[in-house]
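Take the sequences, apply the hints, and build the full model.
Number of protein chains: 2
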Amino acid sequence: MGVSNVDIAEVRAWAHEGGEMAKRYFNNVGRELKADQSWVTQADVEVEHMLREHIARRYPDHGVMGEEHGVGEIDREFVWSIDPIDGTGAFVSGLPLWCVSIGLMRRGVPYLGVVYLPILNDYYWTDGEGGAFWNEKPIRVITTDTIQDNDWLAVSSYAHRTFEISFPGKTRSLSSIATDICYVARGSALGAVIAKAKLWDVAAAMAILQAAGGVVHLLSGPRVETTSLLDGRSTGEPFIAAAPEMIERLRSYVAVR
Amino acid sequence: MGVSNVDIAEVRAWAHEGGEMAKRYFNNVGRELKADQSWVTQADVEVEHMLREHIARRYPDHGVMGEEHGVGEIDREFVWSIDPIDGTGAFVSGLPLWCVSIGLMRRGVPYLGVVYLPILNDYYWTDGEGGAFWNEKPIRVITTDTIQDNDWLAVSSYAHRTFEISFPGKTRSLSSIATDICYVARGSALGAVIAKAKLWDVAAAMAILQAAGGVVHLLSGPRVETTSLLDGRSTGEPFIAAAPEMIERLRSYVAVR
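Each protein sequence line maps, in turn, to chains A and B.
Take the first sequence: its position 14, counted from the start at 1, is 14 in the working numbering, and no numbers get skipped.
Just add 1000 to the spot in the second sequence (first one is 1) and you have the working numbering.
Be a bit skeptical, because a hint or two may be false.
To be verified - Mimicking DSBU-like on lysine-lysine, the simulated pairs with C-alpha atoms at most 30 Å apart in a straight line are: (1) B:Lys1137 / B:Lys1198; (2) B:Lys1137 / A:Lys23; (3) B:Lys1023 / A:Lys23; (4) A:Lys137 / B:Lys1023.
None of these hints come from the bench; they were simulated from the model.
In structure tokens, the structure reads:
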């Protein structure tokens, strides 16, 4: 255990529990319910409630912020930042790459995280001390001198309206920001280009990415400062996740429309 | 059984067998092997060989064409058109939506088909007589008068370089043409915009789409004529898969760069 004294195996178990709760709604909703989408909110709220109960019981001194129940006690040393279902668009569309995202910030900086993809039963995680893992396998970001045809960028599902992208490889939208970043951390995607995000979208994934050797920079150049996102505001600007050596190159392929 | 006398349950079992063979390679390959990608070809060749053996044994009068072993006996009334792993880019990248695609053409027109997604254990299929199904559930394409934020188009993973897309909803690249079209058939995606394809990419999915009420048109307007693709040539031109009522509207959102 690191300085946070958090039991990462237990956090993985919470993520799994959230995934099982969400799966009961996935692909199991009638057409009229699909239209109004309150059922997604319902699944989101249920999972976040469960996660907050676990956190409050085990780590009563920690703060918590989350997509559904908002921001609280962000002045604590440790603040959890959770997205019960990241990728609700994918979830609604019956696509498999949505996830449960549980991050822990230490003094405003991503410290540890678990991103769990229930449909694949895949965990991406770091305990903040010992590297990044995809299930039990260590992972690392990739770099390349020459972009090959199978190199790809993860992009937002509205990138076709937001960006002009001249990247010579492929682009794919997985429809979850946390999953996008985990595929970068794993060395599958060369980078991720995200239009904007709030802290609960990226807290866990950024901890994993950093432990895998990656960084997150605003499209305008500077590194993303997560301390300014603790109040729940959006990055407000597009950003890129990749290996440090790739950031400059990838920035050159992306222009805002 | 329809006029082809093909046992669709047996074809589903073949697709499953192919999926199990391919899964042994998926996410199970070292870095140096990933670079040269001959292992994907190996998986492709193994699965196609198995499918051709099953077909030759059960339907010796039928022709077969496939991605790996080419075109033969296309003058027969029934010709199988198979893609052992559609979406090798997804397969190589550890993404889940690749599939085994087994289509049967009758006099050059898609007649029945099975598209199997091994990672999700999802079957899309039609026996050519009784509608289209996702597993055991009947499916149908969707239409809409007003494009909503969660409406989406499946697009090629190099669409950012090939097309200018003004669609007001989302775009996603699943990285398998057959899977793209099945998500249209299922009523999840509003349409699919494909840069080009050969018959084995689309034979099964087109049969399923048609049975689900959908059509496939070239971007220039006319319907795709599959008889001209039996010799293994590419469509040569982008095309759109959607409900008939949506084709004109979707065409208006897509321009070739």
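Taking the hints in turn, this is what the structure says about them:
| no. | hint | result |
| --- | --- | --- |
| 1 | B:Lys1137 / B:Lys1198 | 28 Å, holds |
| 2 | B:Lys1137 / A:Lys23 | 18 Å, holds |
| 3 | B:Lys1023 / A:Lys23 | 23 Å, holds |
| 4 | A:Lys137 / B:Lys1023 | 18 Å, holds |
Every hint, counting from the list given before, is met by this structure.
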